[in-house]
Structures are given as C-alpha cells and as structure tokens.
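Chemist: Listed below, chain by chain, are the residues.
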Amino acid sequence: MSQDLENYLSNALKRLESAYEEILKTQGYNQDTEKLKILCELTREQVQNEDSSSTAR
Amino acid sequence: MKILVLQLARLGDIYMSWPAIRALRRSHPQAEIHILTRPRFAGAVEGLTSVNQVRFLSTKQLLAPLIQNQPNVTAAFQEVSKVVDELQSEKYDWIINFSFSPVSSYLVHAISHSTTKVSGYTRYEDGFLKIPDDISAYFYAQVGVDRPNRYHISEIFATMVETDLVEEDWRAPDLKNAWTMQVLPNTITIHVGASEKKKALSDSKWIAILSQLRKQCSNPLILIGAEHERSIGDKIMTAVPGGNVFNLVGRTNLTEVFQIISQSALLMGCDSAPMHMASLTKTACLNMSFSSVNFWETGPRSPQSYIIKGDSEDDFVSDKVAAIAYKILHGEKVDLSVVTAQKGNPSYRAFSKKEQDEQWNLVQAIYQGAPFPEIEGSLFTDGISKLFEINQLMLEQMKYIEKGGDLQKVAGIIDRGEEIIETIAKLVPSLAALVRWYQTEKIRIGPGPQEQVLAKTIHIHDLLSQVLDIYGSGQDTIAEAR
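Protein chains in written order, with the working numbering: chain A, 1 to 57; chain B, 1 to 482.
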C-alpha cells in the first residue's frame with residue numbers, strides 16, 4: 001500500500017471512530033450506528049492490511 | 001431455504017471452504033446458496049457449482065469516498081448502507097460466517113432478521129460479540145498460530161455447516177470440460193511464492209532445492225506464481241540445470257493453475273492458495289511450512305502429502321527437500337520426522353513436543369469428553385492451585401449477589417479475579433487452553449436480566465471448579481477416572 005493511501009485511510013479511521021463514539025453517545029447502538037461501525041472496521045482492515053489475512057489467526 | 005456463506009478472507013481460505021460448501025449443498029439440495037466474497041478473489045469461486053449466486057463486498061467501492069484529504073464520511077456511509085440494505089432484503093434463513101473477523105461479525109448482525117439462524121461470529125443488539133455455535137466458540141478460543149488446535153480449517157467449516165465431509169467434497173472445480181491445457185507426464189509444479197513474504201522461500205533457496213532435485217530426476221518442472229513474483233521465476237529459469245523447466249510465473253489465471261496442478265505428479269511450495277487447490281485436485285504436495293503457520297489447521301489435504309516445518313528457510317535443507325520430493329514421486333517411505341498427511345482427524349501424523357501434546361489432549365478433554373491428561377510439573381500444580389483459589393473467591397462473590405447482595409460492593413473483586421485468571425494463563429502456558437475456554441464461555445453469556453446472567457456465570461465457574469477438582473485431587477483420581 002502506498003504511503004499516501006495509508007495516510008488517507010489512517011486519517012479517515014480517526015474521523016470515523018470519533019463519529020462513531022459521538023453517535024453512540026447520542027443515539028445508542030442502532031442500525032445506523034452499526035453501519036458506521038462496519039465502515040470503521042472495513043477501514044481498519046485496510047490500514048492493518050487485514051483483508052489479506054487468512055481466516056486462521 | 002436461503003443461505004448466505006460469508007468468506008471474506010483470502011484465496012486459500014476460499015478454497016479451504018469449498019468442501020464444506022459442497023457438503024452444505026448435499027445436505028440442503030433445494031436451498032438457494034449465496035456466497036459473499038471480495039471481488040479481487042472472484043476467480044476462487046469459479047467452478048464452485050454448489051453456489052447459486054456469488055455476491056461481492058467491494059471494499060474499494062465502499063472506501064473510495066474516504067480516500068481524499070477531506071474524507072467524505074457521509075458518502076461512504078451511504079455506500080455501506082446500500083450494501084447492507086441489499087443483503088438484508090434477501091431475508092436469509094441461515095447465515096454462515098466463515099470469516100471470523102470484526103467486520104464480518106457486524107455485517108452478519110446488520111443483515112440478519114429475528115428468525116435468521118447464524119453460525120459464526122455475529123453481534124448482540126448492544127454491539128457486543130456473539131458466538132452462537134459451539135464450534136465457533138472453539139475457534140475463538142483455540143484456533144490460530146501458537147494455539148493447540150489440531151483440526152483442519154476445512155473440518156471446522158464442515159462442522160459449522162453441520163455436515164460431515166465425504167471424499168466427493170474434495171474435488172476440482174466443476175469446469176473440467178472447459179479445460180484445454182495439457183501438461184507433460186510426471187510434471188512437478190513449483191509454486192515459487194506465497195501469500196505473504198514471511199511464508200515464502202527466496203529465489204536462491206529454490207535454485208538450491210531444484211538443483212539438488214535435478215541430480216536425482218529429470219521430471220519436467222513448471223514454475224507458477226503471481227505477477228509480482230515474475231523475477232523469482234526468471235532467476236530460477238536461468239540457474240536450474242537440465243532444461244525441461246517451464247516458467248509460467250505471472251502468466252496464468254486460476255483456472256489454468258488448476259489445470260496444471262491437477263495434471264502434475266507433485267506440487268512443491270509454501271503455504272498458499274495453490275496448495276489448497278492441490279487438496280481439491282488430490283495432487284500430492286510437498287509443503288515447506290514456516291512456524292508463522294499452524295500446519296495442523298491449514299496444511300495440504302491431498303493423499304501422499306508431506307510437510308517440512310521450519311523457522312527460517314535455512315531449516316529447509318536443499319538436498320533433504322529434494323530427497324523427500326524424489327521419494328514422494330516414487331512412492332517410497334519418507335522420514336518419520338516429516339509431517340505426513342493422513343485420513344481422519346487430526347489430518348496429520350507428526351512428532352510434537354510433550355507440552356504441545358498435553359495441550360492438545362487438554363483441548364480434547366474440555367471439548368470432546370476425552371480423559372483429562374496428566375500434566376507434570378510444579379508450575380502446573382501451582383497454577384491449578386491459584387486458579388482454584390481465585391475461582392472459589394469469585395464464586396463466593398456471585399453467591400453473595402445471588403442472595404441479594406449489592407453487586408457494586410463486589411464488582412471490583414470480580415474484575416480483579418478475571419485479571420488474575422488472565423495472568424495465570426500467561427505465566428502457566430499449560431493452563432492457557434483451559435482459561436481461554438472459560439473466557440470464551442463468559443463472552444457467550446450475552447446481555448440479559450441480572451438473575452439470568454448471574455446463573456449462567458455461576459454455571460461456568462462451577463464447570464471450571466469440576467476441572468480444577470480433577471487436578472487438585474491428585475494423580476490417583478485421574479487414573480481412577482480413566
């Protein structure tokens with residue numbers, strides 16, 4: 001992964017996590033919060049190169 | 001019945017899922033079966049005719065709005081919503097999550113309905129991890145590198161779909177009528193790369209191995225690998241003596257790789273997708289497996305396959321590797337120090353350290369009712385003793401709450417107890433599997449009324465007590481129990 005891409009994703013992850021925490025406080029855990037969480041985790045996977053990791057840990 | 005299988009991991013994992021998906025089709029011949037995978041691995045489901053529809057989770061598309069200086073969270077959220085809503089509208093009766101990842105667990109919950117049966121990781125309504133089925137709980141606790149599991153991932157997947165595997169489930173893609181490539185007789189296919197650099201051999205090591213092999217046989221060699229591994233193929237071509245070497249690194253698609261492997265006498269390589277493809281084509285494998293991999297879980301499954309283990313490529317001594325390859329080709333017996341594939345479970349015969357065997361025996365005792373193994377050593381005995389004390393202390397606090405006591409008064413003691421149990425597992429590795437079982441069962445309790453949660457918690461502590469009693473009562477009791 002290029003450094004630029006990694007920077008974009010890391011930056012995005014921080015924003016997403018912050019947004020998630022904020023929405024969790026105000027709305028609780030609901031469908032929208034969960035979709036945002038999915039987005040957080042998809043981004044985190046890319047930052048950690050985990051969509052290329054195997055099933056077995 | 002409509003079933004969704006999630007397999008969001010890599011090529012090799014997808015191929016290891018094939019037998020279980022075929023078994024699922026056998027046990028549910030009328031079901032509509034979908035598979036959700038990543039678009040970059042689409043080739044790995046070609047020829048998997050047990051599946052009615054392949055769906056894709058395009059990470060690239062979902063994250064595209066975020067790849068800019070000012071990430072557009074709203075746009076990315078809308079992309080995710082579209083995917084979730086579309087999958088949710090399918091109203092799956094059964095979702096089987098082979099992915100065991102945070103993403104997949106949230107996704108499964110998001111697309112499930114109240115009547116959807118789920119196997120594998122999902123979430124509770126409050127977002128906490130939910131592990132509904134026993135085999136996924138086993139996976140959570142005991143599967144991975146440096147863990148004691150010896151069941152192959154393919155067998156674990158089969159347990160998740162609640163069907164035993166049969167010989168027929170291990171077969172090549174149902175595309176054979178379209179195959180046109182012809183390979184010379186007795187070809188040895190060499191997969192020069194691996195899914196990760198740390199699992200791969202260098203070009204110089206391959207050259208050394210193949211040069212040694214050339215001293216013993218003149219079988220045709222076909223080199224395969226990914227586009228970015230071309231330079232390895234080129235170096236091997238120029239250095240290996242004897243001719244009859246065909247360099248197809250970066251020049252084949254997955255269907256062609258299947259054709260090559262299925263017609264080969266032997267596949268040599270490290271831990272990667274071609275080895276799992278060979279398991280389906282029943283092509284013998286010689287697998288060089290690094291210690292970053294648990295070979296019990298992800299090794300080759302074809303008959304006449306062998307695994308050489310190593311911490312670094314120095315451990316794969318070239319003339320020894322070549323000699324083993326020669327023996328496989330000629331049906332000769334291979335050194336007992338080499339891991340041998342076998343039928344049944346576990347899938348391999350291997351010499352292991354005593355401590356590793358003890359851990360595996362402990363796992364079988366916890367999960368399958370096998371006798372609890374005798375484990376010697378003062379560290380283990382001390383660990384049991386400490387665990388017993390902490391467990392009793394925690395049970396006392398819970399019984400106090402059960403009788404109407406104030407939870408807040410004892411919460412700190414219970415939390416501290418959990419920390420100590422975690423520490424015992426780190427200090428006494430021979431107790432780690434038991435502690436992980438305990439911790440996983442605690443996770444599985446899930447949210448609910450306090451009385452219900454408390455009853456379930458006490459039950460787990462009681463079960464732990466029973467195991468500790470076996471060891472705490474001395475060796476005679478274990479012998480009597482047998």
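Wrong hints could be hidden among the right ones.
[Unchecked claim] Capping the alpha-carbon separation at 20 Å, the derived lysine to aspartate or glutamate pairs in DMTMM-like fashion look like this:
id, chain 1, residue 1, chain 2, residue 2
1, B, 91, A, 6
2, B, 399, B, 451
3, B, 399, B, 389
4, B, 60, A, 41
5, B, 60, A, 21
6, B, 91, B, 167
7, B, 343, B, 451
8, B, 91, A, 32
[What the hints assert, rightly or not] Which residues of chain A face chain B? A few of them, derived with a C-beta cut under 8 Å, are:
id, residue
9, 1
10, 11
11, 16
12, 19
13, 37
14, 43
15, 45
The hints are simulated quantities; they were obtained by calculation from the structure and are not laboratory data.
Each residue gets a CB set at the ideal place from its N, CA and C atoms; glycine is no exception.
Chemist: Each of the hints needs a verdict: does it hold here or not?
Modeler: Taking the hints in turn, this is what the structure says about them:
no. : hint          : result
1   : 91/B x 6/A    : violated (36 Å)
2   : 399/B x 451/B : holds (11 Å)
3   : 399/B x 389/B : holds (15 Å)
4   : 60/B x 41/A   : holds (14 Å)
5   : 60/B x 21/A   : violated (24 Å)
6   : 91/B x 167/B  : violated (33 Å)
7   : 343/B x 451/B : violated (47 Å)
8   : 91/B x 32/A   : holds (19 Å)
9   : 1             : violated (11 Å)
10  : 11            : holds (7 Å)
11  : 16            : holds (6 Å)
12  : 19            : holds (6 Å)
13  : 37            : holds (5 Å)
14  : 43            : holds (6 Å)
15  : 45            : holds (6 Å)
Of the hints listed earlier, those the structure fails to meet are numbers 1, 5, 6, 7, 9, in rising order.
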